[in-house]
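Novice: Letter by letter, the chains look like this.
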Amino acid sequence: MMETAAILAQQGFPAAMSGPTLAHYIVVSIIMFVLGLIGFLTRRNLIIMFLCTELMFQAAGIALIAFGRYHLDLTGQTFVIFILTVAAAEAAMALALVVLLFRRKESLDAEEWKDMNG
Amino acid sequence: VGFVLLGAMTVMVFRGIGASSGRGAGDGLVRRETSVQPDALLRDLPRKAERMLRANGQLLEGEVITSIGRVEGVIRVRGSDGAVREVTKAQWPEGLRITNAEMLGINLLREHPGTIEIAGVILLMAMLGAVVLSRKQVQMDEDAKASHLTALAKARASRDPVIDSPLELVNPVGAGVVGAQGAVSEDRA
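In the order they appear, the protein sequences are chains C and S. Taking the numbering used here, the leading residue of the first sequence gets 1, the next gets one more, and so forth. Taking the numbering used here, the leading residue of the second sequence gets 1001, the next gets one more, and so forth.
Read the hints as simulated data drawn from the structure, not as lab findings. One should not assume that every hint holds.
Think about it this way: if two alpha-carbon atoms lie no more than 27 Å apart in a straight line, the pair counts; the simulated BS3-like pairs of lysine-lysine are [as the list claims (entries may be wrong)]: (1) 1136(S) <-> 114(C); (2) 105(C) <-> 1136(S); (3) 1154(S) <-> 105(C); (4) 1048(S) <-> 1089(S); (5) 1145(S) <-> 114(C).
All chains, please: the whole structure from these sequences, using the hints.
Specialist: Shown next, in the form of structure tokens:
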């Protein structure tokens, strides 16, 4: 592993995790995920809850990219590209649902929908 | 319509995979694993190598690149008279290396062409679904509307007692809150 890194550095390729290390990225990822989780559990506004799930999503993406870079592998970044695609589709659907629910009850409070027993 | 589109896209998926693997075989490119091999991957960007070598004056008029990185770190150049010379790694221009974005793009297109197509179908379906959902005109539940108006009026009255008649502010029908349900049902009748 070290030999590979030395060869790559010699060729002008940025060294694996020079500067911030894997741990830094993982810490950022964990912080983002926990913030998203707290927001999701404490807030009752549908849009805020949705944004918090997106925050957790991106935290997972950061962790994937960091581990992929750590192993000098592109699969993590490729996977995150597709995750972003799915997140975009999910955002479109979620916002459409929010619009629908708002038209029905004129409110974005999640408590309004407790009769759905989800 | 959605299924027809899906079928067309699926056909495109398989054609895309077939075309890409066929082209790869035709170019004699070996299907590589997804590990990072900057020099080997630079082979996939001959135009960039050519452009940078020309800008650096290492590729003269009439000369063409015949191979990149087949021997590690060597670009073979054939002159107009047919003579072959080598540009070694030490002579390469400063910026002649593959960037992360280029590696990612090559990896995406080479390893996952079908997945890209499927992602396109997913995005299309999501867009259509979102349009269908948000175009639907919702008849607001009248009871819910009345109770909502009552709650709003109460909240406003308790917050701001100066307003004598908060009902006009919050009720577009113009009826009193107490009579809101009655007024609505009259409208319906």
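Novice: Are the hints correct? Go through all of them and say.
Specialist: Comparing the hints with the structure gives:
no., hint, verdict
1, 1136(S) <-> 114(C), "22 Å, holds"
2, 105(C) <-> 1136(S), "15 Å, holds"
3, 1154(S) <-> 105(C), "17 Å, holds"
4, 1048(S) <-> 1089(S), "15 Å, holds"
5, 1145(S) <-> 114(C), "17 Å, holds"
Hint compliance for this structure: no hint is broken.
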